[in-house]
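Chains as they are written, first to last, in this note's numbering: chain V, 1 to 473; chain E, 1 to 471; chain B, 1 to 234.
No wet-lab data here; the hints were simulated from the structure. Built from N, CA and C at the ideal position, the CB exists for glycine as well. Treat the hints with care, since some could be wrong.
Said to hold, decoys possible - Per label pair, the in silico range of CB-to-CB distance:
{"#": "1", "chain 1": "B", "residue 1": "Asp-164", "chain 2": "E", "residue 2": "Leu-27", "range": "52 to 62 angstroms"}
{"#": "2", "chain 1": "V", "residue 1": "Val-449", "chain 2": "E", "residue 2": "Arg-356", "range": "44 to 54 angstroms"}
{"#": "3", "chain 1": "V", "residue 1": "Val-449", "chain 2": "E", "residue 2": "Glu-428", "range": "31 to 41 angstroms"}
{"#": "4", "chain 1": "V", "residue 1": "Ala-389", "chain 2": "B", "residue 2": "Asp-105", "range": "52 to 62 angstroms"}
{"#": "5", "chain 1": "B", "residue 1": "Thr-10", "chain 2": "E", "residue 2": "Val-364", "range": "26 to 36 angstroms"}
{"#": "6", "chain 1": "V", "residue 1": "Gln-311", "chain 2": "E", "residue 2": "Tyr-312", "range": "26 to 36 angstroms"}
{"#": "7", "chain 1": "E", "residue 1": "Leu-27", "chain 2": "V", "residue 2": "Trp-20", "range": "36 to 46 angstroms"}
To be verified - Here are the computed lysine to any residue pairs in the SDA-like style, where the Cα-Cα straight-line distance is at most 25 angstroms:
{"#": "8", "chain 1": "E", "residue 1": "Lys-7", "chain 2": "E", "residue 2": "Pro-113"}
{"#": "9", "chain 1": "E", "residue 1": "Lys-331", "chain 2": "V", "residue 2": "Phe-76"}
{"#": "10", "chain 1": "V", "residue 1": "Lys-123", "chain 2": "V", "residue 2": "Lys-250"}
{"#": "11", "chain 1": "V", "residue 1": "Lys-250", "chain 2": "E", "residue 2": "Arg-15"}
{"#": "12", "chain 1": "V", "residue 1": "Lys-250", "chain 2": "E", "residue 2": "Gly-31"}
Stated by the list, open to error - If you only want the chain E side, here are some residues facing chain V, beta carbon under 8 angstroms, derived:
{"#": "13", "residue": "Ala-51"}
{"#": "14", "residue": "Phe-111"}
{"#": "15", "residue": "Thr-118"}
{"#": "16", "residue": "Met-120"}
{"#": "17", "residue": "Ser-241"}
{"#": "18", "residue": "Arg-268"}
{"#": "19", "residue": "Ser-275"}
{"#": "20", "residue": "Phe-279"}
{"#": "21", "residue": "Thr-281"}
{"#": "22", "residue": "Gln-284"}
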Amino acid sequence: MLGRIIRHEWTNLAADRTVWVLAGLMALISLYGVYNGATWSAFQRENIAMALDEERDRLAGHRAFVESGQEPASRFRNPLSPDSVGGSMGRRYAYLPPAPLAPLSVGQSDLYPYYFQVSTNSKQSFLNTHELENPSNLLSGRFDLAFVVVYLLPLLILALSYDLLSSEREQGTMAMLLSQPLPLWTLALGKIALRALVVLALALGFSLAGYTAAGGALASMDALLLWMAVVAAYSLLWFGLAVAANALGKGSATNAMLLAGIWLVVVVITPAAVNLVVTTSYPIPSRVELVQALRTATEDANARSAEVLSQYYTDHPEYLPEGEQPDPNDFTLRSYAVREDVERAMAPVLERYDGQLLRQQTLVNRLKWLSPAVVAQEALNDIAGTGLARYQHFLGVVDRYHDELRSYFIPKVSARATMTTADYDAIPVFEYQEESFGEILGRVSAGIVGLALPMLLAFGVGARILRSYPVVG
Amino acid sequence: MTATIFKKELTEMLRDGRFRWLSTSVLVLLGAAVLMGMAHTRDVQTQHETAQAAARQDWVGQGEKNPHSAVHYGTYAFKPTMALSAIDPGVDPYVGVSAFLEGHRQNQFEFRPAQDATAMQRFGQLTAATVLQLLIPLLVIVMGFSVFAGEREQGTLRQLMSLGISPGRLALGKALGVSGALAIVLVPAAVLGVVALTLATPGAEVAADAPRLAMMVGAYLLYFGVFVALSLAVSAKAPSSRLALVVLLGFWIVNGLVAPRAVTDVARSLYPSPSSFEFTTGIQAALADGLDGQSPTDARMAAYQQEVLAEYGVDSVDELPISFAGLRFQKSEEMGNEVFDYYYGGLNDTFESQNRVRSLSAVVAPLLAVQSLSMGLAGTDVAQHRHFSEAAEEYRRMYVGRMNEDIAQNAGAGRYVAEAGLWASVPEFDYQAPSVGWVLANHRLSILLLFAWLAVALTLAMRAASALRPV
Amino acid sequence: MLKATDLTKTYNGVAALDRLNLEVAPGDVFCLLGANGAGKTTTINLFLNFIEPSGGTAQVNGLDVTRQPLETKRWLAYIPEQVMLYRHLTGLENLDYFTALSGTDHYPPDQLRAFFKQVGLQDGVADQRVSTYSKGMRQKVGIAIALAKQAKALLLDEPTSGLDPKASNEFSRLLQRLSGEGVAVLMATHDLFRAKESGTRVGIMNQGQLKQTLTTAEIGHADLERIYLEQMHD
Ligand SMILES: Nc1ncnc2c1ncn2[C@@H]1O[C@H](COP(=O)(O)OP(=O)(O)OP(=O)(O)O)[C@@H](O)[C@H]1O
Ligand SMILES: [Mg+2]
Chain V
1 MLGRIIRHEW
11 TNLAADRTVW
21 VLAGLMALIS
31 LYGVYNGATW
41 SAFQRENIAM
51 ALDEERDRLA
61 GHRAFVESGQ
71 EPASRFRNPL
81 SPDSVGGSMG
91 RRYAYLPPAP
101 LAPLSVGQSD
111 LYPYYFQVST
121 NSKQSFLNTH
131 ELENPSNLLS
141 GRFDLAFVVV
151 YLLPLLILAL
161 SYDLLSSERE
171 QGTMAMLLSQ
181 PLPLWTLALG
191 KIALRALVVL
201 ALALGFSLAG
211 YTAAGGALAS
221 MDALLLWMAV
231 VAAYSLLWFG
241 LAVAANALGK
251 GSATNAMLLA
261 GIWLVVVVIT
271 PAAVNLVVTT
281 SYPIPSRVEL
291 VQALRTATED
301 ANARSAEVLS
311 QYYTDHPEYL
321 PEGEQPDPND
331 FTLRSYAVRE
341 DVERAMAPVL
351 ERYDGQLLRQ
361 QTLVNRLKWL
371 SPAVVAQEAL
381 NDIAGTGLAR
391 YQHFLGVVDR
401 YHDELRSYFI
411 PKVSARATMT
421 TADYDAIPVF
431 EYQEESFGEI
441 LGRVSAGIVG
451 LALPMLLAFG
461 VGARILRSYP
471 VVG
Chain E
1 MTATIFKKEL
11 TEMLRDGRFR
21 WLSTSVLVLL
31 GAAVLMGMAH
41 TRDVQTQHET
51 AQAAARQDWV
61 GQGEKNPHSA
71 VHYGTYAFKP
81 TMALSAIDPG
91 VDPYVGVSAF
101 LEGHRQNQFE
111 FRPAQDATAM
121 QRFGQLTAAT
131 VLQLLIPLLV
141 IVMGFSVFAG
151 EREQGTLRQL
161 MSLGISPGRL
171 ALGKALGVSG
181 ALAIVLVPAA
191 VLGVVALTLA
201 TPGAEVAADA
211 PRLAMMVGAY
221 LLYFGVFVAL
231 SLAVSAKAPS
241 SRLALVVLLG
251 FWIVNGLVAP
261 RAVTDVARSL
271 YPSPSSFEFT
281 TGIQAALADG
291 LDGQSPTDAR
301 MAAYQQEVLA
311 EYGVDSVDEL
321 PISFAGLRFQ
331 KSEEMGNEVF
341 DYYYGGLNDT
351 FESQNRVRSL
361 SAVVAPLLAV
371 QSLSMGLAGT
381 DVAQHRHFSE
391 AAEEYRRMYV
401 GRMNEDIAQN
411 AGAGRYVAEA
421 GLWASVPEFD
431 YQAPSVGWVL
441 ANHRLSILLL
451 FAWLAVALTL
461 AMRAASALRP
471 V
Chain B
1 MLKATDLTKT
11 YNGVAALDRL
21 NLEVAPGDVF
31 CLLGANGAGK
41 TTTINLFLNF
51 IEPSGGTAQV
61 NGLDVTRQPL
71 ETKRWLAYIP
81 EQVMLYRHLT
91 GLENLDYFTA
101 LSGTDHYPPD
111 QLRAFFKQVG
121 LQDGVADQRV
131 STYSKGMRQK
141 VGIAIALAKQ
151 AKALLLDEPT
161 SGLDPKASNE
171 FSRLLQRLSG
181 EGVAVLMATH
191 DLFRAKESGT
201 RVGIMNQGQL
211 KQTLTTAEIG
221 HADLERIYLE
231 QMHD
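In isolation and in its complexed conformation, chain V is listed as follows (with noise of 0.2 angstroms):
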C-alpha cells in the first residue's frame, strides 16, 4: 500500500512543472556553493604554499650566509645571532591547512586568520592577523553549501510539502480517498517518504558531487558520511513540522503562512535573538581597551627591568647554562625578561576577553537548542573543520609550538651562543596535529541528536494531531 502511494505521488510530483524547475534551480545553486567554498579553500592552500616557500627561501638563505662564515652587517638583523633568527628574521609559519571537507561550508574561517608568524616574540605580535576581506562581504556571508542546507534547503523541503494533505483536501480528493480502507497516517507518511526520498537524494547527491567535484578524496569518506547525516536529519525535521502543521487541517494558504513563519523564527529569529541575550549576558568590551593596558604594562615593565629580568631566570632556570649569572645590564636579556613580564600583567586583561568569549560560547552552547538551524550550522563547521572548535584546538598547537620555539631559543641567546648550520637544522619545524576524529564525532553526535529528538516529536505531534484529523468541513 505505502509503495503505491509513494509510486502514486511520485507521477504526481512529476507531472508538476514547478518542481523540476525547483529542483534544478537547487542543483545549481548547490553547485555554485560547492564551487565558492572550493574556491576559498584553494585560495587558502596557495597562501599556505606560497608563506612556506618564503619560510624555506629566507632560512636557507641565513643558513647559507652562516655556512660561508662572512661578518654581519648588522646587529640587529644578524644570521649568527639567535636572539635575530628567534625573532622576526627566522620567523616561522605556523598554519591551519583547510579539513578535506572545507570546501562544503567556509564558516568561520574567512573570518579567523589560518597562519601566524611565530617567533620568540609576544603572541599579542603575531595573533591579531586577518586575511584582507572587504568588510560588506563578511557581513553578509558566504554563499556556500552549508549555507544552502541551512538556509535553503528547508525553503524547498517546505514548498514540497505544505499542502501535503491540504491540497488533496482543497481538490476534493480526501474524501475518495479516506473513503477506502486506508489509515490516514498511511496517506501522509507515504507522501512524505516520496518527498523525502527525492530532497535527500538531491541534497545527499550534490554533497557528495560537490565533494569530489571539490576533489575530496575518499579516505575522508567517514566525515562526508557525518556531514550526510546531519543533512539527513536537518531534512527530516522540516519533514516532520510539515507534517504536523498539515495535521491541523488548515488550508494551504494557512500552512504555507504558519510554515513560513516557522522557518523564519527558526533560522532567522531566534539566532539573532540568542545572538543578542549572549552579548549582552556577557558583553566583550572593545579592545581599544587592550591597547591601553598593553602600553601602561610594557611602560612598567621596561621601569623595573632590573628586577623583572632576575625575576626571569628565577623562573627559568633552564634558560641559563649552569653556574652562569645575567648580566643585568645586557638590553637583549631584558628585553626578553620584560616580555614575559608584560605577558603576564597582560593575562587577566586578555583574559576579559577570551573569558568573556568562553562564557558567549558556554550559554550558546546550551541556547543553540532553541533553534535547529544553529544546530545544524555548528553540526556542519565543525565537519568542515571551519567552527571555533577547530580553531581553538588550532591555537593550542600555535601555542604549544610557541613554546618550543621559545625553550630552542632563548638559552642559546642567554648563553650568548653562536647559530651553527647544525642549529638551524634543528630549529623546531611546525607540525599541524589534526583533531581527533573521535573528538569531532562527540560534537557531531550530540547536534544530530539535537536535531533527531525535534525531527521525532514533530512526526510524533503531527501523527497525535492527524487522529482527529477534520476530514470533512
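For chain V, the structure is supplied; the task is to place chains E and B with the ligands on it using the hints.
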C-alpha cells in the same frame, strides 16, 4: 470613494488576528533591537573616548626625548561611533577598531569585534536595520498578498467590480489601506526611537545627525513602498492567493537572503582581493626596492643626499646648516608613503569596486540598495571606514613630519633631546565625519535604484490593477 | 448491512442529525430524501467515519465504524456529489490508484478498461487526463471506482448530479443490478422520480430527523411527491 475603500481595508486588517499578532512581535523586536543597539553604542563611544584621551595623554607626557624615539613610541587612532550606528551597525563588527600610528609604516586597523564573537554573529544580528530590511517587508507581504486574490476567491471582487469602480482607485485604496496599517505600527515606533535617540545623544550631535536620520527614514519609506506596490501587483495578477503568497515569499527570500550572499561571491570573483600574504610581502619588497622593483632605497637615499648637498653647495652633511638626519627620516618616510598609497589605495579601490557590484546588484534585490544607503547614513559603511582610516593616516604623516622637521632644525651633532613641550605642539587627532552630501554622492547609485524600483513596482501595480478581472 | 442506531450529530448544540434509526439490508436500495441541510450528507459522513458521532452508533456489517474504521471501509464504496480526481493523471490511472488503495486484488489494465465501458465512458476517454473531463465524466469514473471495489454497501451522495438523462437512467439500472446481487445501497438524492424508480425504500428527512419511511413498491409517483411536500411543511 478611495477613502471608503481605504477605511474598509484598514478595518479588515486591524480586525485580522494575524496582523495584530505579527505587528506586535515586529514592534517588540524593533524596540528590543533599538534599545540594545543604543546601549551598545553608548558603551563603545565611552570606551573610545577614554582610550583616545589616554593615548593623547601618553603622547603629551612623554617627557624629554629624541623626536625620533617619539615617532617610534607613536600613538593610536580609535574609530569613533556615530549615534545612528545604534540603528544600523553596518560593517562596524567587521572592521578593526584601532590603528597604531608610528613612524616608517602604515599599520592596518586591528581588533575586529566579530573576532571576539561567537559564530552566532554570522546568523545576523538582531538590529533595527535587520527588522526594517527583512521583517517589515514580510509584514507587508502577509498583509498584501490577498488584497485582490483573496477578494476574488471570496467572490466579493465580482460584486465590487459590478458597481463600476475604476480599478485604479480600487488599487489606490488598497495600497493606502496596507500603508495605513503599516503606519499604525511604524509611526509610534519611529517617534519613540527618535525621542530615545535624541535623549541619549549630546546636543551638538543631534543637530548633525538629524538630516542623516531624516534621510534614513525616507530611504526605508521608499523601500516599504516597493513592497506595498509589488504585493498589490502580484495579488492582482496571481490566479490564487496561495500562488500570490508563494511568489511574494520567493521574492522576499531572494531579496533578503540569497542575493546578498550570492553577490559576495560574484563580487569577489570579478574583483579578487589580494591575499594578506601577497599584500604584506608586496609592501616589504617595494619598501626595499621601490614600486618598480628597480630602485633600491639605499641608492635613492644616496642620490637624495647628493641633491641636498648640491642645493646647499657643500661637500659633506656635516657642513649642512641643518641636521641631515631629519631630512633623511623624512625622505624615507615619503618613499614609504608612496608604497603605502599604492598598496592601501589599490586594496581600498578593490573593495570599492566590489561594493559597486553590490550596489549594482540592487537591480535584482532592492535590499542591497537600502542596505548600503542605510549603512552610509548611519556612518557604518566601508567608505566611511576608509575615510576615517585615511584621516588617521594623514594625521600620522603630519605628526611624523613635524618630528622630522624638528630634528632637521634643532638637532646638531651629538645626542639631541627635544623639550617636553614639543609633543603638545602637535594638534590632537580630531576626526571630522564626512557630510551628508558626501554620503549621498557616494550612494547615488543606490538612491537611483531605489527610486527605479518604486517606479517599476508602481507601474506593475497600476497595470495589474487595470487589467483586473473578477474571475 | 448498514445500521444506524440513535445516530446523532450536533454542531454547536444544533442537531444536524437527530437520533437516526435506520437499517439497510443486502439488496435494499434506500433513498434519503430531504431539503437542503436536512442531514443527508451528515448521515453518509458518519457511516464513513469522516466525522465523529455525538451519540448513537453507525454499523457496517455489524461493526461499529468508529471502532473499526478501516475494516468497515473495506465493505463500503462511496460516490460523492462531486467526484474529485487527480487532474494530472488519466482516468485510468485514477481508477488504478483508487482500486489499489481499496485493497481489492490488482486488476489487469483491460479489466479496468472494462469498468469504463460499463459506466458508459467512450473508448479513449480512459487515457485522457482528468483535467479534460466534464463533471459528468468524472462522476462516471467515481462509479467505476465503486464498481471495481466490489463493495457490499454503497454510500451515494447525489451521485447522479451532473449526469445526463441517459446516463442517469443507466445508473438506475446499474443500481437495480447491484441490488439484485445483494449490495446494500444508501443514496442521498433530490430526484423523487429516480428514487421511486431505483429505490426499494425511501426515507424522508427534515431538520435532522427521519420523518417517514416508505416502500416504493407500495406507492405511486404522485403519492411520493405529495407525502414529501407534506413533510416539508412543518
Ligand atoms: N461543519 C459544520 N459545522 C456546522 N454545521 C454544519 C457543518 N456541516 C453541516 N452542518 C449543518 O448540518 C446540517 C445538515 O447538513 P447536511 O450537509 O447533512 O445537509 P444535506 O441534507 O446534505 O443538504 P444538501 O441537500 O444541501 O446537500 C445543516 O444545517 C448544516 O448547516
Ligand atoms: Mg448534501
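Verification of the hints:
{"no.": "1", "hint": "B:Asp-164 with E:Leu-27: 52 to 62 angstroms", "verdict": "holds (60 angstroms)"}
{"no.": "2", "hint": "V:Val-449 with E:Arg-356: 44 to 54 angstroms", "verdict": "holds (46 angstroms)"}
{"no.": "3", "hint": "V:Val-449 with E:Glu-428: 31 to 41 angstroms", "verdict": "violated (58 angstroms)"}
{"no.": "4", "hint": "V:Ala-389 with B:Asp-105: 52 to 62 angstroms", "verdict": "holds (59 angstroms)"}
{"no.": "5", "hint": "B:Thr-10 with E:Val-364: 26 to 36 angstroms", "verdict": "violated (56 angstroms)"}
{"no.": "6", "hint": "V:Gln-311 with E:Tyr-312: 26 to 36 angstroms", "verdict": "violated (53 angstroms)"}
{"no.": "7", "hint": "E:Leu-27 with V:Trp-20: 36 to 46 angstroms", "verdict": "holds (41 angstroms)"}
{"no.": "8", "hint": "E:Lys-7 with E:Pro-113", "verdict": "violated (49 angstroms)"}
{"no.": "9", "hint": "E:Lys-331 with V:Phe-76", "verdict": "holds (22 angstroms)"}
{"no.": "10", "hint": "V:Lys-123 with V:Lys-250", "verdict": "violated (61 angstroms)"}
{"no.": "11", "hint": "V:Lys-250 with E:Arg-15", "verdict": "holds (20 angstroms)"}
{"no.": "12", "hint": "V:Lys-250 with E:Gly-31", "verdict": "violated (33 angstroms)"}
{"no.": "13", "hint": "Ala-51", "verdict": "holds (4 angstroms)"}
{"no.": "14", "hint": "Phe-111", "verdict": "holds (4 angstroms)"}
{"no.": "15", "hint": "Thr-118", "verdict": "holds (5 angstroms)"}
{"no.": "16", "hint": "Met-120", "verdict": "holds (4 angstroms)"}
{"no.": "17", "hint": "Ser-241", "verdict": "holds (6 angstroms)"}
{"no.": "18", "hint": "Arg-268", "verdict": "holds (6 angstroms)"}
{"no.": "19", "hint": "Ser-275", "verdict": "holds (5 angstroms)"}
{"no.": "20", "hint": "Phe-279", "verdict": "holds (6 angstroms)"}
{"no.": "21", "hint": "Thr-281", "verdict": "holds (7 angstroms)"}
{"no.": "22", "hint": "Gln-284", "verdict": "violated (10 angstroms)"}
The structure shown violates the earlier hints numbered 3, 5, 6, 8, 10, 12 and 22.
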